[in-house]
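> Chains as they are written, first to last, in full-length UniProt numbering: chain H, 1 to 69; chain E, 1 to 69; chain D, 1 to 69; chain P, 1 to 69; chain W, 1 to 69; chain Y, 1 to 69.
Think of the hints as simulated: they come from the structure by calculation, not from any bench.
Treat the hints with care, as some may be off.
[To be verified] Label pairs and their in silico Cβ distance ranges: (1) E:32 - P:12: 46 to 54 Å; (2) W:46 - D:16: 28 to 36 Å; (3) W:32 - H:50: 30 to 38 Å; (4) D:50 - W:8: 37 to 45 Å; (5) W:52 - H:31: 32 to 40 Å; (6) H:18 - Y:15: 44 to 52 Å; (7) Y:50 - P:48: 28 to 36 Å.
[Said to hold, decoys possible] Far from chain D, by Cβ distances over 10 Å, these chain W residues were calculated: (8) 5; (9) 17; (10) 42; (11) 53.
Backbone N, C-alpha and C define an ideal beta-carbon position, used for all residues, glycine too.
Number of protein chains: 6
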Amino acid sequence: MRLSARNQMPGTVVAVTRGATTSHVKIEVAAGMIITAAITNEAAEELGIAVGRKATAIIKASDVLVGME
Amino acid sequence: MRLSARNQMPGTVVAVTRGATTSHVKIEVAAGMIITAAITNEAAEELGIAVGRKATAIIKASDVLVGME
Amino acid sequence: MRLSARNQMPGTVVAVTRGATTSHVKIEVAAGMIITAAITNEAAEELGIAVGRKATAIIKASDVLVGME
Amino acid sequence: MRLSARNQMPGTVVAVTRGATTSHVKIEVAAGMIITAAITNEAAEELGIAVGRKATAIIKASDVLVGME
Amino acid sequence: MRLSARNQMPGTVVAVTRGATTSHVKIEVAAGMIITAAITNEAAEELGIAVGRKATAIIKASDVLVGME
Amino acid sequence: MRLSARNQMPGTVVAVTRGATTSHVKIEVAAGMIITAAITNEAAEELGIAVGRKATAIIKASDVLVGME
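Take these sequences, add in the hints, and give me the full structure.
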């Protein structure tokens with residue numbers, strides 16, 4: 001399925017932290033560049049998210065803030 | 001100001017598209033990895049966002065979806 | 001690509017309104033139930049979104065509010 | 001209170017999963033179409049969200065992604 | 001309709017900027033404290049949003065970042 | 001770092017509730033006006049968020065809904 005989200009960064013899962021309902025998934029998308037996603041435990045289980053697996057971090061443009069020094 | 005957002009990717013502005021109220025800002029955060037942000041024109045002007053300037057793409061973990069093949 | 005988003009509703013595009021940078025896409029996901037998405041014009045063009053085509057409305061659980069009478 | 005959110009789907013609560021701070025609420029908005037919302041436990045308690053009660057799933061257009069095959 | 005959103009700030013509309021598809025609405029919620037909302041033109045028209053009218057700014061807890069010096 | 005987010009409300013932390021992965025932080029931004037943020041525990045620890053400390057609630061305009069009576 002192709003997505004409207006402008007930001008789709010393929011990478012590798014490097015950490016998964018499971019909470020009571022929410023899991024935090026860290027995906028290395030470039031050398032030293034790690035994206036953290038907060039998703040439901042249900043999703044993490046359904047997708048079989050585990051360290052070492054390929055995964056894509058997906059972000060809508062409207063969810064990106066810009067910072068300037 | 002330090003931020004709670006887990007995803008803060010420094011880079012360089014490579015494109016700015018201005019609409020009637022919304023601007024799309026493209027930031028290259030790694031070789032060939034471009035993040036698109038949709039922000040208000042007001043913000044784009046206030047921050048002086050322009051091609052070639054340093055900028056950071058900032059994303060909350062709860063706004064990141066995960067995709068798996 | 002399988003997605004972590006808990007809400008994925010397949011339907012048919014029934015309207016597309018294009019703005020300066022943002023397009024509004026209406027997708028009928030059930031009889032009389034229409035979901036409105038605001039996406040970038042870039043995405044609308046890239047995906048070839050047009051009235052009559054099949055499309056899926058995708059929403060993260062953390063982006064859903066609940067209302068009660 | 002009338003809301004600016006373009007997506008307001010009335011339905012019935014079919015499941016509530018309570019975590020340490022976050023609750024997942026599943027609302028059936030059409031036959032076989034279930035929306036999952038992630039809200040705070042505080043909100044779930046305050047609103048008295050329980051299985052069988054009427055509830056509306058509310059989603060801003062800017063939080064809807066579109067997928068196309 | 002009672003809402004799960006933890007942040008509901010009543011105030012007065014002090015400015016409305018209409019774009020091609022998106023309107024920016026500024027609501028004064030306390031002396032000198034103005035909240036800017038980006039909503040669809042469709043919503044702005046449907047709700048009759050205009051300067052001087054009472055309005056409530058509504059924000060999910062999961063959409064709030066925290067900054068610290 | 002200056003931010004594109006239109007809503008930046010400085011205040012004082014009045015409560016912190018820690019969950020398994022998510023913390024809820026309440027910030028008083030005006031007399032009797034408290035903003036609740038849901039952030040990762042990782043962020044809460046990293047920033048040293050604690051009751052009594054100065055903090056800014058940061059919200060993108062596109063994450064603000066408007067309600068009208």
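> All the hints need checking, so say for each whether the structure fits it.
So, going through the hints one by one against the coordinates:
Checked against the hint of 46 to 54 Å, the pair residue 32 of chain E and residue 12 of chain P passes, with Cβ atoms roughly 48 Å apart. The supplied range of 28 to 36 Å is broken by residue 46 of chain W and residue 16 of chain D, whose beta-carbon atoms lie about 19 Å from each other. The supplied range of 30 to 38 Å is broken by residue 32 of chain W and residue 50 of chain H, whose beta-carbon atoms lie about 50 Å from each other. Against the hinted window of 37 to 45 Å, the Cβ-Cβ separation of residue 50 of chain D and residue 8 of chain W comes to about 38 Å, which satisfies the hint.
Evaluation of the 32 to 40 Å hint for residue 52 of chain W and residue 31 of chain H yields a failure: the beta carbon distance comes to about 54 Å. The hint said 44 to 52 Å for the Cβ distance between residue 18 of chain H and residue 15 of chain Y, and at roughly 25 Å that hint is violated. Range check, residue 50 of chain Y to residue 48 of chain P: about 32 Å between beta-carbon atoms, so the 28 to 36 Å window is met. Distance check for residue 5 of chain W against chain D: the nearest CB is about 5 Å away, which does not clear 10 Å, and the non-interface claim fails.
Look at residue 17 of chain W: its CB is around 13 Å from the nearest CB on chain D, clear of 10 Å, so calling it non-interface holds up. For residue 42 of chain W, the shortest C-beta to C-beta distance to chain D comes to about 7 Å, within the 10 Å cut-off, and the non-interface label is violated. The Cβ of residue 53 of chain W lies farther than 10 Å from every Cβ of chain D, with a closest approach of about 21 Å, so its non-interface assignment holds.
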